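**Q** Each chain is listed here by its residues.
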Amino acid sequence: MEKIPQIRNYTFNFGPQHPAAHGVLRLILEVDGETIVRADPHIGLLHRATEKLAESKPYNHSIGYMDRLDYVSMMCNEHGYILAIEKLLGIEPPQRAQYIRVMFDEITRILNHLLWLGAHALDIGAMSMFLYCFREREDLLDCYEAVSGSRMHATYYRPGGVYRDLPLKMPKYKPSIWHNEKEIAKWNESREGSLLDFIWDFTERFPKRVDEYETLLTDNRIWKQRTVNIGVVSAERAIALGFTGPNLRGSGVAWDLRRKQPYAVYDQLEFDIPIGKHGDSYSRYLVRVEEMRQSNQIIRQCVEWLRNNPGPVIINNQKIAPPSRVKMKESMEAMIHHFKLMTEGFALPVGEAYAAIEHPKGEFGIYLVSDGANKPYRVKIRAAGYPHLAALEELIKGHMIADVVTVISSIDIVFGEIDR
Amino acid sequence: MADVELLSNKVNERLAKFFIQSTITFGELTIEIDPEHVHEVGLILRDDPDLDFKLLLDVCGLDYLHYGIGEWQTESTTSTGFSRGMVKQGIEELSSPPFERGEESKLLPRFAVVYHFLSLTLNHRIRLRAYLNDQHPKISSVMDIWPAANWYEREAFDLFGIEFIGHPDLRRILTDYGFIGHPFRKDFPLIGNLEARYDAKLRRVIYEPVSIPPRILEPKVIRRDNRYKAAE
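Same order as they appear, the protein sequences are chains A and B.
Counting in the numbering used here, the first sequence runs from -16 upward without gaps.
Counting in the numbering used here, the second sequence runs from 42 upward without gaps.
One chain only, chain A, in its complex shape:
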């Protein structure tokens, strides 16, 4: 009689250096043949102790660290942190600053979803999507650069407003030995006016681009085979697991902080909240694509408002916001204020506050504890992606190895904010 072979489950590492791991995720997978039996994500390989660092610095010094949390939705992170500070200080930024913030939050949402879409499609095998998405991202990153001088880590929001008003000029391309005058003139067409004109021009083009993406993916047979019914999570389970944002909406829960607990000027803008039906990767994809269209709408409303309503972009309280350079050179008091702000910073009243925003990935919250000093006593960052990754095992159990990649990218995780 032939001996029956002993079959054992096989355990192996996925990552930390794996292109589909979206950063540094070490995933220990136990498989039975091709089927996942157990998955144990090991995180923290990008842990920088942002929260502890923030405790050792005056409040304003940590704004830049917030960019580096979820490094594909930079300004949204800043917004959460700034809101917590403003809540404790009891100040309200000028309307114009709030519109600028909302506009850039939505630009950031598109940036995030574009990167997500490109990377998600790339993971599943659609190479060209990645290139298309990055083409559009380029324009939005130029907006970041025009307003803050930096393409990614903007550090643009400040307690009480934003760092400066929107520029009236866009930087332009210059001819080189590779690109002649005629070519460059065409590229610069949309850059002749102000930043707002450039953004407006983008919002004109963008919906057509989203249509293009959808032509490539939404009814694509291969795309559907890879995403429909993969990583299903029911609405009830999603809530129990702490899901927020598009992942929760993909399961059919109509929950969006922009609507339910509006901050900044979201209550004055018109937009819809898309929700999914089945809670699988495909639903999450549809939700995010529709969110990009809605964000585009919000940006257009903001541009229109900002064009017609000039005004200050930061509060006129020199205990919190530094005085202008001109004032600083002329007024003794302004100089003292500047000096105190740059050395000691401002202090927050004793207390604690939790401020949350609808981040592209879900609810991004900052829990700020102040003991009355010029530095936070404790900053807890409620990263949106953290509970999503924690639920990974549940989502991929029973699926094939190839589906692990689909699920990881469909829940949209970035290690900057998960490891903090």
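Be aware that one or more of the hints could be misleading.
[Claimed, not checked] Distance windows between CB atoms, simulated:
| # | chain 1 | residue 1 | chain 2 | residue 2 | range |
| --- | --- | --- | --- | --- | --- |
| 1 | B | ASP91 | A | GLU197 | 40 to 48 Å |
| 2 | A | GLU197 | B | ASN164 | 27 to 35 Å |
| 3 | A | ASN300 | B | ARG245 | 52 to 60 Å |
| 4 | A | GLY16 | B | LEU231 | 44 to 52 Å |
| 5 | A | PRO245 | B | PHE59 | 29 to 37 Å |
| 6 | B | GLY222 | A | ASN171 | 51 to 59 Å |
| 7 | A | THR(-6) | B | ASP91 | 56 to 64 Å |
| 8 | A | MET325 | B | ARG245 | 41 to 49 Å |
| 9 | B | ARG245 | A | GLN0 | 35 to 43 Å |
| 10 | B | PHE59 | A | ASP180 | 57 to 65 Å |
| 11 | A | PRO295 | B | GLY68 | 34 to 42 Å |
| 12 | B | LYS179 | A | LYS312 | 56 to 64 Å |
| 13 | B | ILE61 | A | ASN212 | 53 to 61 Å |
| 14 | A | PRO2 | B | ARG245 | 21 to 29 Å |
[Claimed, not checked] Capping the alpha-carbon separation at 30 Å, the derived lysine-lysine pairs in DSSO-like fashion look like this:
| # | chain 1 | residue 1 | chain 2 | residue 2 |
| --- | --- | --- | --- | --- |
| 15 | B | LYS95 | A | LYS243 |
| 16 | B | LYS227 | A | LYS323 |
| 17 | B | LYS179 | B | LYS242 |
Derived by calculation from the structure, the hints in this document are not laboratory data.
It should be emphasised that the depicted structure is a prediction, and the values quoted were computed from it without experimental measurement.
Just so it is clear, CB atoms sit at the ideal spot from N, CA and C, and this is done for glycine as well.
Let chain A serve as the given structure and place chain B on it in line with the hints.
**A** Here is chain B on its own, set in the frame of chain A:
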């Protein structure tokens, strides 16, 4: 968002017997309870139809060791001023009296666990805090009530050394394999205790005590002259 006073009344009705304190600050409701009751309170918070906190947003550790202690004398002049290489010995010397809270001005335990909940149906939030004992901070896990607590509790264990009783898999999560200590405690130095480098002779990465002294670039300053009084 739903009215916080209304929520406060509802919570008071149902949970008053567990309370140490219930406060509303900055439009947020905070309740403080004894750690023994966290499980009972959790079940009520989740299952009572008038509260319905189905979503656990966050669990976070807190270390009150240096709460209210500044690093710079602001009330009287000194001949020494602020020295930069002062982290270790400095904070106890310079400290003002231990922090006081509330009317009773009692000295509070060192650690706390803070939970944030959200109700999607009723659209309100609540913060729950449990103070923990100094020596071995322990509290029961709420993972069986909210599965989302899993990684949050692991994180609080890793960073603060708070033990969550009943957690099935309480491993470190954010720090390195084989890490010693709990880095977010206030007595853990910002630059850490060990540094890693590659040793060419041994041909492997080795750990050594940190070679640079701890420094503070901007001292923590608390001014008790009400200049930053909250505009509530």
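**Q** Any hints from earlier that this structure breaks? Give me their numbers in increasing order, please.
**A** Numbers 7, 9, 11, 13 and 17, in rising order.
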